[in-house]
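With these hints in hand, go ahead and build the complete structure from the sequences.
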Amino acid sequence: MINKVVSGAEEAIKDISDGATLMLGGFGLCGIPENCINALVKKAVTNLTCISNNAGVDDFGIGLMLKQRQVKKMISSYVGENAEFERQLLSGELEVDLIPQGTLATRCLAAGYGMPAIFTPAGVGTEVAEGKEIRNFDGKDYLLEYAFDADFAIVKAWKGDSAGNLIFRSTSRNFNPVMAMAGKVTIAEVEELVPVGELDPDHIHTPGIYVHRIFQGKDYEKRIEQRTVRVKS
Amino acid sequence: MINKVVSGAEEAIKDISDGATLMLGGFGLCGIPENCINALVKKAVTNLTCISNNAGVDDFGIGLMLKQRQVKKMISSYVGENAEFERQLLSGELEVDLIPQGTLATRCLAAGYGMPAIFTPAGVGTEVAEGKEIRNFDGKDYLLEYAFDADFAIVKAWKGDSAGNLIFRSTSRNFNPVMAMAGKVTIAEVEELVPVGELDPDHIHTPGIYVHRIFQGKDYEKRIEQRTVRVKS
Amino acid sequence: MSLSKEDIAKRIAKEIKDGYYVNLGIGIPTLVANYIPENINVVLQSENGLLGMGPFPFEGEEDADLINAGKQTITTLPGSSIFDSAMSFGMIRAQKVDLTILGAMEVSENGDIANWKIPGKMVKGMGGAMDLVASAKNIIVAMQHVNKAGESKLLSVCTLPLTGVKCIKKIVTELAVLNVLPEGGFQLVERAPGVSVEFIRQSTSGKLIVEGEIPEMNLEV
Amino acid sequence: MSLSKEDIAKRIAKEIKDGYYVNLGIGIPTLVANYIPENINVVLQSENGLLGMGPFPFEGEEDADLINAGKQTITTLPGSSIFDSAMSFGMIRAQKVDLTILGAMEVSENGDIANWKIPGKMVKGMGGAMDLVASAKNIIVAMQHVNKAGESKLLSVCTLPLTGVKCIKKIVTELAVLNVLPEGGFQLVERAPGVSVEFIRQSTSGKLIVEGEIPEMNLEV
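Residue numbers (the working numbering), protein chains in the order written: chain P, 1 to 233; chain B, 1001 to 1233; chain L, 2001 to 2221; chain Z, 3001 to 3221.
Everything labelled a hint here was simulated from the structure, so no lab data went into it.
Some hints could be false.
Reference listing, derived: stretches of chain P covered by chain L, where coverage requires no fewer than 3 residues with Cβ under 8 Å from a Cβ of chain L [stated by the list, open to error]:
| no. | segment |
| --- | --- |
| 1 | 16-30 |
| 2 | 72-86 |
| 3 | 103-115 |
| 4 | 122-128 |
| 5 | 176-184 |
| 6 | 220-231 |
These numbers come from a predicted model, not from an experiment.
For every residue, glycine included, the Cβ atom is placed at its ideal position computed from N, Cα and C.
Structure follows, in structure tokens:
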């Protein structure tokens, strides 16, 4: 097997430079590549375009990069919980491209599956459709949406092996597998890195062919955004 | 959970009638829905359009339906190992639409993901492209290929639960999950039917929402087409 | 007497049929889960990648890896499945989800919906709403009949940027249950207990269609 | 002396580099797996849904659920992964597979390939070949230089229905290794041991480009 293991986040992101386009996995704060984000903050790389469903919160996730003004443009579906984000957006320091969540996911899939564009009905008749090609199939209108073209995809998995195979846990899967397929270079951080042969081939969500670098992450905080509970009766 | 269990193959296929379009999972004889095929043979339904990567062999798989002249049209990528098939094709009794294997798979995916059409470079410049729309993206030509529209998808899984969740084993996965997503009605036969809760949600390949009927199959032959071995040294 | 949010949820729950896969939006729609009759089998889809969403976890059993589309900690039920975002919106686009219930700022009499953006205010994004309304075969809107300024949210034409066009089939508000007719217009189907047709008419800016006697809602489960 | 099939496979194996993902077609390409140097790490992709294809199973250990794209019983290696046909061709289309090796009936001097159909004969289908040649960034053809009738299979223009256009980069035959130049033409790179340039020229119907001294192949692994 081909060995994709690197020493850690710093080595994994070492060639990400100013102006790069990054995909970052996760939904809210669930399944985000914490180690790589921290390394990007430390490296202080700037002018980034970030494709990520959300933009973190003020003091966690992509919010940490926003605070340092490392992000030029966000491509997201929902950016709600971030005051600094709002300030930069309203002051014009930050560019934001809001797109439907399914369109975001499917444009990743298109990149990972070598399809230059896909058709989706999401956004037809709304401002999302402005300037886009509309095509009718069987009486229903669809927008033509293009595959993403990202320099790096950065994802977080639960387990991975040295060949780059990934397994995700519960709903932390979300955008991670589709982004893992979509990066020109894909970096995966995992909670547990195991030798090849330990993962059941039938359980692998992302085959190693899509992953270029993998490392065992550390000190995962796995912060919960909305802690909702019920009381034992 | 919604209970999708039916008593067996006969009940599962009871409303498949003459002229229906069926998708049948499997690659060669690997992962084919043996029980449903046998039930279709017994039911002697005719004029079928079958979308399946292969057409079985003379005495197994879809070959059994061909022998009975139940198939009007095959949509496949490779139909090599079947003398009766060849006879019917050459005599004009059988219509065959040969399409690239990746196009076959992706037209299933498109149906399962609600995309009316996809773009693929497979077949550009060949007779497969005849009459099809060609579109250039970034200097490369692609064919526009439409999502399949099948009345029934019939798949074979290793394990399934009463909610219709499916897990496939090894390379018997092949076309089964993409076809399972693509049928207007999807019928799954499984080697082992388990109660809900026994399958790990993270390991499920086909979520139950895509499956309308499920049953525990029996007497699986699982024939091997090309038995290749090496000698212990 | 106009309905509480819980009552709106209770009324919507009656629209859910045995065997339905249902996607619930944030807000009142989330409450609907509490009133699904126990004698029917319904599976909740959460668009971040889960079928078979269960109730909130017990205190101390929260799992950071297990959340719903509202980012709340939740649980799974036996028979649930997990998938990625592409498959999640794939099954939505392919109309495998039977019913979508979501909130709205405005609905027009031809079924357009606006629920994601107020010009001049901070825009958080549409999340999965545009995908859901563009694809769902059956959408129920749960919302207040009038906004805080007392203006009707059921309009001839939406004034806010749209989320989707000609997609809403039914609306449940604190005052009424209304169908959006294919030919246009809000057809009054039920009144909240004690609320008059006249009051509903005053609260509805778009074309209201009232035919015959309009019964009061039955909120019994 | 022209090469055996095994020798053709041996020569092609030298084109495989450390870290490559490789798809091997049926026939001579399958034999290439036997000659991949042990000191490099290479992963074989089988388009029916497997990365990390291993050798044939030992007698008695065949698994009907584990086959390659040639429908042969095989094994997996530690680190292998299984996926469905859509993902398999997705990774092929997205050019994640570094090298594709396949057979051909004809190759033209501009890199067109014909390998799936002979008019008038039973057509079995293209299988995954059209997807592979349309997408692969690097394709090597393994084939006989001339057909059984003694006619060259390296042509100016293919006479058979095409599988793909302008896609072949390199050809290894029993007589020679040839590059297909972007501007057109078969560039002779190596000769089989003892085979003359003149003989290769006679066996090549398309434009053969010979520059300088042409070395003999080295078949040492």
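### Query
Which hints, by number, does the structure contradict?
Violated hints: none at all, because every hint is consistent with the structure.
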